[in-house]
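Student: So the chains spell out like this:
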Amino acid sequence: MKFTAPHIEYDLLSPILIVLAVAVLGVLVEAAVPRARRYVVQVSLSLVGIVAALVAALLVMSRINPTSDKPKSGYLAAVDALALDGPTLFCWVLILVLALLGVLLFAERRLEGGVTAFAGQASALPGTEAERQASAMGLEHTEVFPLMMFAVSGMLMFPAANDLLTLFVALEVLSLPLYLLCGLARRRRLLSQEAALKYFMLGAFSSGFFVYGNALVYGYAGSMQFDNIAFAVSSGSGSEALLLGGMGMLAVGLLFKVGAAPFLAWTPDVYQGAPTPVTAFMAAATKVAAFGALLRLFYVAFGGARWDWQPMFWIIAIATMVVGSVLALSQTDVKRLLAYSSVAHAGFLLTGFLGARSLTDIAPGDLNPVQAVLFYVTTYGLTTMAAFAIVSVVRDGAGEVTQLSRWAGLGKESPLVAGSFAFLLLGMAGIPLTSGFTGKWAVFASAASAGAWPVVIVAVLMSAIAAYFYVKIIVVMFFSDPIGDGPSVTVPSVMTSSVIAVGVAATFVLGVVPGPLLDLLGRTAQFIR
Amino acid sequence: MSTTPFIILSAILFTIGAVGVLTRRNALVVFMCVELMLNASNLALITFSRANGNLDGQIAAFFVMVVAAAEVVVGLAIIMTIFRTRRSASVDDASLLKY
Amino acid sequence: MVNLEALHELPPAVGSAPTDGAFSLLWLVIALPALGAAVLLLGGKRTDKWGHLLATAAVIGSFVISLILFFSLTGRDSGDRQVTQHLWNWFTTGSYSVNFDLLYDQLSAVFLLLITGVGSLIHVYSIGYMEHDVRRRRFFGYLNLFVAAMLVLILAADYVGVFLGWEGVGLASYLLIGFWQHKPSAAAAAKKAFVINRVGDIGLSLGTALIFITFGSTSFAVVSAGSHEASSGALTGIGLLLLLAACGKSAQFPLQSWLLDAMEGPTPVSALIHAATMVTAGVYLIVRSNFIFSLTEDARTAVIIIGCITLLMGAVIGCAKDDIKKALAGSTMSQIGYMVLAAGLGPAGYAFAIFHLLTHGFFKANMFLGAGSVMHGMNDDVNMRNYGALRKAMPITFATFGIGYLAILGVPPFAGFWSKDKIIETAFADNFLVGLCALVGAGVTAFYMTRLMLLTYFGEKRWEKDVHPHESPKVMTYPLIALAVLSAFGGLFTLNSWISDWLAPVVGEHGEHELGIPAIVMSLIILVVVALGVAVAVQLVGKREVPKVAPEKVSVFTRAARADLYGDAFNDEVIVKPGVAGIRGLAVFDRSVVDGGVEGLATALSAISGRFRLLQNGFVRSYALALLAGATIVIFALLAVNFG
Amino acid sequence: MSFPWLSVMLFLPIAGALVVMVLPGAGSALHKQVALGTSLLTLAVGVALAIRYDSGSSAAYQFTEQHEWIKSFGAHYALGVDGVGLTLVMLTVILAPVVILASWNDAEGGRWSPKAFFAWMLALEGLAVGVFAATDVFLFYVFFEATLIPIYFLIGGFGGPTRARASVKFLLYSLAGGLIMLASVIGLYVESARHQGGRASGGATYLVTELAKIDFGTDVGRWLFLGFFVAFAIKAPMFPVHTWLPDTTEAATPGTSVMLVSVLDKIGTFGMLRFCLELFPEASKWATPAVVVFAVISIVYGALMAIGSDNIPRLIAYTSVSHFGFIVLGIFVMNSQGLSGANLYMFNHGLSTAALFLVTGFLISRRGSALISDFGGVEKVAPVLAGIFLIAGLSSLSLPGLSPFVSEFLVIVGAFSYSHVAAAFAVSGIVLAAIYILFMYQRTMTGPTRDEVAGMKDLGTREVAALAPVLLLIVILGFFPKPLLSVINPSVDHTLERVQKHDPAPEVPLPTSTGSSLQEGAHE
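Residue numbers (this note's numbering), protein chains in the order written: chain L, 1 to 529; chain B, 1 to 99; chain E, 1 to 644; chain G, 1 to 524.
Treat the hints as calculated values from the structure; they're not laboratory data.
Any given hint might turn out to be false.
Stated by the list, open to error - Here are the computed lysine-lysine pairs in the DSS-like style, where the Cα-Cα straight-line distance is at most 27 Å:
| no. | chain 1 | residue 1 | chain 2 | residue 2 |
| --- | --- | --- | --- | --- |
| 1 | E | Lys553 | E | Lys543 |
| 2 | E | Lys183 | G | Lys457 |
| 3 | G | Lys213 | G | Lys285 |
| 4 | G | Lys457 | E | Lys49 |
| 5 | E | Lys49 | G | Lys380 |
| 6 | E | Lys548 | E | Lys461 |
| 7 | B | Lys98 | L | Lys472 |
| 8 | E | Lys183 | G | Lys380 |
| 9 | G | Lys457 | G | Lys380 |
| 10 | E | Lys45 | G | Lys380 |
| 11 | E | Lys577 | E | Lys183 |
| 12 | E | Lys45 | E | Lys183 |
| 13 | G | Lys71 | L | Lys70 |
| 14 | L | Lys72 | G | Lys71 |
| 15 | E | Lys465 | E | Lys392 |
| 16 | G | Lys457 | E | Lys45 |
| 17 | E | Lys461 | E | Lys392 |
| 18 | E | Lys548 | E | Lys392 |
| 19 | E | Lys461 | E | Lys553 |
| 20 | E | Lys49 | E | Lys183 |
Keep in mind the model is a prediction, meaning the values are calculated, not measured.
Produce the complete structure using the sequences and hints provided.
Tutor: The structure is reproduced here in structure tokens:
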């Protein structure tokens, strides 16, 4: 039998390729460049790479000219393995922007007094001479940058994946580096390693389900291509059981990444244990990629079986919102609290995801679910990034201060930081004139348009509960007096500051003039089939 | 010949793996159980590929093996660090992060 | 049902010829005292020196205007003796419009004279009486405010306008009763007066509302024109509600209890507000609403009953009081009872009600001021048991008071005789029982007034030491004299039934009531009863040694009378105490149930949260278990949805 | 595109707030002067606006501005006022300078620098104007929620010892209500998207004028109505969701309380008029009996609680619960007396409550205690304060001759023609009002002067200057409410038309010839 070499559209895939190339180069740098200069090289390399990828992504986007009223639906690339349509390209741009901010956080050195937030020498045991020497020598793991680049490449592939196999590979490519990154904290290394272990174990476990689901769906449809699956679903051939079983298991894999109930158990532990920059990047970027993939898989491949999976997602959305909001009430650790809040947000995103309805029901002017979800994930990503960035600057002698009670009086200590954190929290609570509100409105409206009223009601009630713990933080920061010597805010370098600035600005702008972005999404948020 | 027995076998393997993950303490064993699950999937993939008469399934199986290998690399690294700090490979010892 | 005999002769409608000539001054009558009040109350200390003069001048000014108006009204022929001055539109919503209109007709004319006249005298009197009070300016400001409000009340051409004056006088009375605020008793009395009046106001506001519902307007003109078309139900309702209002303002049963406490105020206040003018506003309201009451037998009956009860209550209370002012207050209640009773008699009685209101205004003001002058001489002691034999010490006061005494007893030819006799006659004509009440009342009145006279002016000195009674200054005695004259000759108003004819266009022809016996005999009977009362008083009080302190061992009746017939006790037991308890309970309810409900929800949530976070126990294997369980549920749910 | 009056009134204070914020220093006289100046300037614009308002015009809204804001949400930046909106906007801009002047020194000793206080105040003023001027449901909602933030920080930052708790309670109550309303707001979007067929511009819209054209159908309409009504009931506040108000006023500074109770709580009743009745006439009529019952309960309950409370700000809060009961009652009896009365009441209650809060504020700050039982005989040492206190109190018990009387009377009349029983219960409020006001006055002002208050200073010039305009308005409007009614009546007629209700005809037909005075009145 003879093989024909597949045709690869390098120009279209350039963003992914660039990022991958940078990652590989990064590895070489580790090998070739002397330790003293690695930091600079790696940082600049990744920054340049991501910016380049961003430009490339924008170029690709311009080819489907999204500004026109009737944009092209998009391209299928790499032998239909990747679908480059509106949603994909938007996710790319968003992920790359978040990655850029992520790199800035990774590269932050002033907070730890001249070194990054990553372990000087991961192999050195915590609390041993070796570790002390490592930190004394100011060692630091610059491998984090290539690792991150790998993760980013996976994230870029994830929402673009147009067949189950690509989806699986992308999933692993984005997950594995993150597992490692979670374990590389400079301080509280035991927690960090534990986080890595838990994340890895559960991640592997869930990917087991994912693959098996893969197999079952393949058994049902006889192909891994989404369009073929969609065709099989609509034609109703094959055994329902295989389809449903497979669909369920794939859902498990994706919902695990999203951190939806009941697959959220890892979220609080990992978010808390991981180095804050990693948490920030992970919390923001992973959700974007995962939701991109979730939307494509269930809208394109399983769109025909909507009536089968929608009830299940109703339950999951409700459960996720309830668990996230209620459990967050009693949290006393800021990072953990933000983790639960991110769970709640996943619930809200799923609410928007429930807006799925046949395209004929969606009139031209109307808000469509893809648009709503992508908009919300944008607002959420930027806000969360900035929030975690702020967490990383509130410190005392022993590093970051994450007990909520110790944040008392921060409002007096440094009004600017506390003020912007309060603003971000109000954003997450969904107060108008912040992006949180417009986002919430969009996802709720999308769900309501599809008639998912019970979910919307629950969502509304849960936002009320969620508001309670956000407000609680504000009260602690502004209206209560510090216990002992309150935490001090270490003035970060321009890098972290710029991340915070961008996040706050985005939260405000997307809250006041969300129009342009929404319209862009409204025009382009159509999946190619 | 029918594919059902193979599917049932793969399902059994998968379940064994899943249960193993839940019951075994030693991180390495847990990890092996995950591998077992992956291989159960491989079996299913190949079976279906045979049933459907195309190669996608088999290719997928190769990919899964590769990915599994990569996973091993990462996984073992993490487990090693934990083992070295804690002098134990029991996943239950790592339970500082809770509530 | 509408009473038939009333339908034959419909009550007269309130016409409204626009004002012209002298009548365009009408608004000034109100404006002068109002301005005076404004200057005095806003001017502050600057006006201390001349404030009282300004106030007095203002009232005298409006008295003069009232006289001019009155005579120009008499100038007209009885047909068009009603003029309306339209000032401005107060408020308009939908079809409902209320104007600031002043109605000047025979009725308001009489009141105008009474209020400004007696008002001026009392202002003059107060100059002397309040001389040593540091806050005299304020006192006069309040007095002016009162006069202005009272004038609004009786000049308003719309029930809402009446309401304005109604509450205005209430406010003034509140301020004046509590004028000596440092005395807790005074402050309490003031509040009590206002609150109980508010209860009456329920009647006025709902009444006004019902009037609007029924007639689509609340102006006398429209209502009087349409009243005979209204259903008897509506009319009765309105009548009863207005009666409630009257009860509040005129201290009629069951809202009488505030009047006695109101004596905490300075004596001129008691004279002007709580004897001569304000308390009679209720009577005015009923008479003014004759076009309602004439058409509803039931409401009138209620009015009569209230009147009878109160006139007896007041009299009985008056018998037992040792506080000279309270005794007089009881008497006031009783006298107003007479007026209300008369007003309840319908067209037959309206005129006499007003007539008695006038004469009573004269002699009761006279006696109150007299009492004031006595207190002035006795270092503000009000206990009659410490008086005695004052007729020599303060002759003028005694003389004038004496005239008032004869007047209230109804001894011919003094004013009271003419007015009271007419009422009693009409009462008998209407219903024997009612007549009997009136008659008995007269007897009791004779008793307590005689008692008061004896205790105060006769017998031997029972003064405290270092009390040196002396006659009051001229500025106080001249008003007394003036009022005494009026009390003596007030009867002239009824000369060949002038007053009835004068008021007829407003309140309707007073239907001929035929009495079983000739009027002269009736009068004789009344006189006999009065004489009886006097005799008893002389027996019980005059002929005996008066103990310094009120004897404790007394009949249950006396005790009841001393306790104001348990009016306050009743209120305390039935309204105040349960009310306080209820409010306490409500506060608990608000905290624990209403608020507690919400707060409880919050705490419950955090409790749940605290419980369930423990599930996150940190063991990766239990997380895996959760994951597996979740996966199983998801898959089975999916299968169930489709195959179930 | 004429001059954007409302936008100016909206953004002027906000700009002022920013200026105050960036001015150096921690709150010198300069900050206060800038704040006062800004609010006065806004007031000037407001007066010009009021003068230019044409009460005769048939347009639904005047000074309208409309720009597309978020196309995909159908949201517009649309402003405009009808009679009701105008009165409330005016109330806002009148009270703002008064409050700023009165709170001149209240912000000292606060948690933050005084300048924050004045900045938040100005921001609040601007946002409040936005709420009352918004003619787009989405925009209204945005302002509705946005106003919470300044007041939240004003309470939490400058209040008394319990401020933190109070502020959270306030915010959560309001947010809960707001979010329930959000569900309805989204429902409106869905519906308007469904009914877009007729409209030329595709997509949904939030313009009140457009939404009013939609017939939502019985069930949908009722659900949406409920969403809105609950939020407004919490805001107003009505029994049984009132408990946040006393706690809040107890903790907040007088100025904050004024802005909260006199201005912001009006959003509740304003919303009932503008959205419940306007958008869901059928549902409103369906809900009327229940609403009336709750309104009457609020009247009596609030009054009783007021009588029972020893803490002055709590007492005033409860009186407001009672007064808001009257307003809601007037709105839902749906006849011209009730509605005009209610509208008038919103304005008058704003004035009288403001006066009461401020004067008691002065009293409390002098004595350092808010408990009635800690006072006694103040009248002797501070007659001016006592006098103003009495006038404010009397206006609160709606004494005829003071502005609240007309409104309360009209509401009672309207209620009476709706149901005798409801009116009978409601009217008991006037007796209870007399009790709680005079009881408070008696126990604080009269009787022997207590030593603690013996040295109390009487009101100073600034304080009198702050209160004088309010009292003046109260008296003038008491005798001549026409300026207000002339702008209110047209919008009342519009509302009645919208809910298809007509005033019941009187039992006895109005005479045409007699009562010329009446005719005059009607024609003026």
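Student: Does each hint hold? Answer for all of them.
Tutor: Hint-by-hint comparison with the structure:
Simply put, E/Lys553 and E/Lys543 have alpha-carbon atoms about 19 Å apart, close enough for the 27 Å limit, and the pair holds. The suggested pairing of E/Lys183 with G/Lys457 holds, with an alpha-carbon distance near 22 Å, which does not exceed 27 Å. For a cut-off of 27 Å, the pair hint linking G/Lys213 to G/Lys285 stands: about 18 Å separates their Cα positions. Taking the CA atoms of G/Lys457 and E/Lys49, the gap is about 25 Å. The hint holds against a cut of 27 Å.
Under the criterion of a C-alpha separation no larger than 27 Å, the hint pairing E/Lys49 with G/Lys380 is consistent with the structure, at around 20 Å. Note on E/Lys548 and E/Lys461: the hinted pairing holds, with a Cα-Cα distance of about 11 Å set against a maximum of 27 Å. Restraint check for B/Lys98 and L/Lys472: the C-alpha separation of about 22 Å stays at or below 27 Å, so the hint holds. Restraint check for E/Lys183 and G/Lys380: the C-alpha separation of about 12 Å stays at or below 27 Å, so the hint holds.
About 11 Å separates the Cα atoms of G/Lys457 and G/Lys380, which keeps this hinted pair within 27 Å; it holds. Of the pairs offered as hints, the one joining E/Lys45 and G/Lys380 holds, with about 14 Å between alpha carbons and a cut-off of 27 Å not exceeded. Distance restraint check for E/Lys577 and E/Lys183: the Cα-Cα separation of roughly 24 Å lies within the 27 Å cut-off, and the hinted pair is therefore satisfied. Note on E/Lys45 and E/Lys183: the hinted pairing holds, with a Cα-Cα distance of about 23 Å set against a maximum of 27 Å.
Distance check on the hinted pair: G/Lys71 and L/Lys70 sit about 17 Å apart at the alpha-carbon level, within 27 Å; holds. Of the pairs offered as hints, the one joining L/Lys72 and G/Lys71 holds, with about 22 Å between alpha carbons and a cut-off of 27 Å not exceeded. For the given pair, E/Lys465 sits about 18 Å from E/Lys392 by alpha-carbon distance, which is consistent with the 27 Å threshold. Only pairs whose Cα atoms come within 27 Å are accepted, and G/Lys457 paired with E/Lys45 is accepted, the gap being roughly 17 Å.
With a C-alpha separation of about 11 Å, the suggested pair E/Lys461 and E/Lys392 falls inside the 27 Å cut-off, and the hint holds. Note on E/Lys548 and E/Lys392: the hinted pairing holds, with a Cα-Cα distance of about 21 Å set against a maximum of 27 Å. A threshold of 27 Å between alpha carbons decides the hint, and for E/Lys461 with E/Lys553 the separation of about 24 Å falls inside it, so the pair holds. Restraint check for E/Lys49 and E/Lys183: the C-alpha separation of about 26 Å stays at or below 27 Å, so the hint holds.
Violated hints are absent here; each numbered hint is respected by the structure.
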